[in-house]
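Participant: Residue strings, one per chain:
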Amino acid sequence: MSRILLVEDNEANRDMLSRRLLRKGYEVLLAMDGGEGLAMAQSQSPDLILMDMSLPVVDGWEATRRLKAQAQTREIPVIALTAHAMSGDRQKALSAGCDDFDTKPVELPRLLTKIEALLQRPRPAQGPVP
Amino acid sequence: MKKGAPARQVHPIVLLDYRVRIPGMLFVALFALFHFSGRPRGPLLIAAIVLTGLVWPHAAYLLGRRARDTKQAELRNLLVDSFIVGCWIAAMSFSLWPAVAMAATMMNGNLAVGGLRFAAKGVVGIVAGVMVAGALLGFHTVFASDMVTTFLSIGGMLFMTCMFGIHSYIQTSRVYKAKSDLASQNEQIQEQNRVIEQARQSALEARDAAEAANRAKSAFLANMSHELRTPLNAIIGYSEMLEEDAAASGNTEFVSDLQKIRSAGKHLLGLINEVLDLSKVEAGKMKLFLETFDVASVVEEIVATVQPLVEKNGNRFEVRCASDVGQLREDVTKVRQVLLNLVSNASKFTEKGTVSLDVARENDVTGTWVVFRVRDTGIGMTPEQLGKLFQAFTQADGSTQRKYGGTGLGLALCRKFCVMMGGDINAESEPGKGSTFTVRLPGDVENFEGEATSIHRTGKAPMPRLSAAVPRPVSGPRMLVIDDDPAACELMRRVCAREGFDVVTAGSGEEGLRLAREKRPSVITLDVVMPGIDGWTVLKTLKSDAELSAIPVIMISISDEKNRGLALGAANYLVKPVDRDLLAGALDPYRAGAGGGAVV
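The listed protein sequences correspond, in order, to chains C and E. Numbered according to the numbering used here, the first sequence spans residues 1 to 130. Numbered according to the numbering used here, the second sequence spans residues 131 to 730.
Here chain C stands alone, though its shape is the one from the complex (with noise of 0.2 Å):
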């Protein structure tokens, strides 16, 4: 069973995010901010990351900078999830490090195609995708 973290700060789309993802089959793990959620990847090493980008405390462009660069969580893929839905916030996302995005509000089948892509990637030693 895979577990994912999901880095939300918004109440309401923390707990409806995180029920479907159970409804689905994940282990959900829960982080409030950007600062607990890099505590959270680092202590519990979970297998996939979603995160929201206007983060309190620390957010999710500058958490997943400091995700990629380090080497214990650096293999751990990022999914951002941001409520802009501009192309300039995919490439803002994918430039902080992230290894996808989608735009909120979630529409889960294409959200979990996702999620499944990077679960089944090669973990082998591979860097941050530019």
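Cβ-Cβ distance ranges computed for the label pairs, FRET-style:
1) C:Ser2 to E:Thr382: 26 to 36 Å
2) C:Ser2 to E:Gly562: 53 to 63 Å
3) E:Ala697 to C:Arg121: 39 to 49 Å
4) C:Ser2 to E:Thr496: 51 to 61 Å
5) C:Arg121 to E:Glu691: 36 to 46 Å
6) C:Ser2 to E:Pro661: 28 to 38 Å
7) C:Arg121 to E:Glu514: 49 to 59 Å
8) E:Glu514 to C:Gly25: 51 to 61 Å
9) C:Ala71 to E:Lys670: 22 to 32 Å
10) E:Asn556 to C:Gly25: 45 to 55 Å
In silico DMTMM-like cross-links for lysine to aspartate or glutamate, where the CA-CA straight-line distance does not exceed 25 Å:
11) C:Lys114 to E:Glu373
12) E:Lys396 to C:Asp15
13) E:Lys706 to C:Asp89
14) E:Lys396 to C:Glu107
None of these hints come from the bench; they were simulated from the model. Keep in mind the model is a prediction, meaning the values are calculated, not measured. For each residue, glycine too, the CB sits at the ideal point set by N, CA and C.
Start from chain C and add chain E according to the hints.
Facilitator: Chain E in isolation, oriented as in the chain C frame:
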């Protein structure tokens, strides 16, 4: 006097002297008349007296007026006056009183009109007169004069002096008045200038305020739409969850209601996205992300998305995509958005009709274009409605909004996107018959000259691109473009390749430094704001490396810190969005060959 006066300008001294000359010469004639009383007066003398007193002043006036240069003619007249006076002085045997009266008055007049230098010429005139008359009549000297001539001379001198005095007074007061008029005019002009300056200031303030308000509006719209999306996210998500639950438990009644909540949420989301897009376009923050894509597969994708929508109103959907349509290099998201908008509009306003999408490649003098035509057989539009079609926040009329919904932003956005991508959009329509929307996008993938907002064209209209294929100069001076934005890199590569450079791009400061060492470019353009090593650090590193410090670096940034850039050793500094002409100008010195001593 003014009879037959020529319409041209006559110098004022002509008339002034005329008024003085009439009494003056009359006095001269009278002096002579009384001087010679009781002596033999031949016809020649009488003729000379009449000529002097009655004929000459008027003749002088006519000569003065008619001359080409009236002022010079009048000065000549005054010299003739002096000569005449000299003649009479000698003729009257240097009789003191009349001689003094005539000479003094004459000198006075010459000084008043022509100043010292001219008065000296007058003296020469008088002396000449004396000599000529003396030579003809003999130099007799009888200083005394009879009583009548003496009194007449004194009276004449007093009269003429008074006349000069009055003229002088009139002149002085005129000058004074002119001065005060001038002063008050100056004051008026200054006052007007003050008013104009105030108006200019308030116009500037108003402009600044309007710009600030517009920025605030765009920022507000952008923030607001973000804020609106977060709760919407929950609404859509939970309704989807409940829908799944209801479906699982077989509660079909709930399913359809929950579907309504979800589709209303999605509709609202679409509207918010349009508002956000428009505010971004208006704030100049909309960027293009160029990629080369296959037109046919994007069309297929769009058809799959809108098919259900078109068929909802009982419409037939016809799609014709020419086989040779090939590829486009544009922002595919925006192309998709434009076409989705047009097709969904067409199906919204058409019932039990036909909606068609035709895609073809067309060539004309301006180059090759990919043309998308969306036709419908729907309600159509009147010419007035067509006129307002692409303006933001206007729909055909209020009832349209009530019946068909929508923000009225969709087409305004479509046009803005098309223009941004170097193309255009047009509409033709007839009420009751249907509408045709035509989108033209530049189809020249290789010679693409489109724009991202980071580099803009100077002209407004889509630039006609002549299909003259510029061969890529491979042997040109090498140029390194360092920018983390791939679209900006790509655009710079295209623009600078056209300027004759062999362009290498680097997506980060690290890569830039590595390529600078490896490729030894003739010139480097460097973006300031980059993740990782920023532009300032790259510049410092380049300038502190003995092998690289000679390569000229052009900094390109969104913030204007020209002085800092130049102080750190940059050769030039351009502010984004970079004007293409400015860029070409900045690159000019490095075009001819290896600049800055770099090895190519």
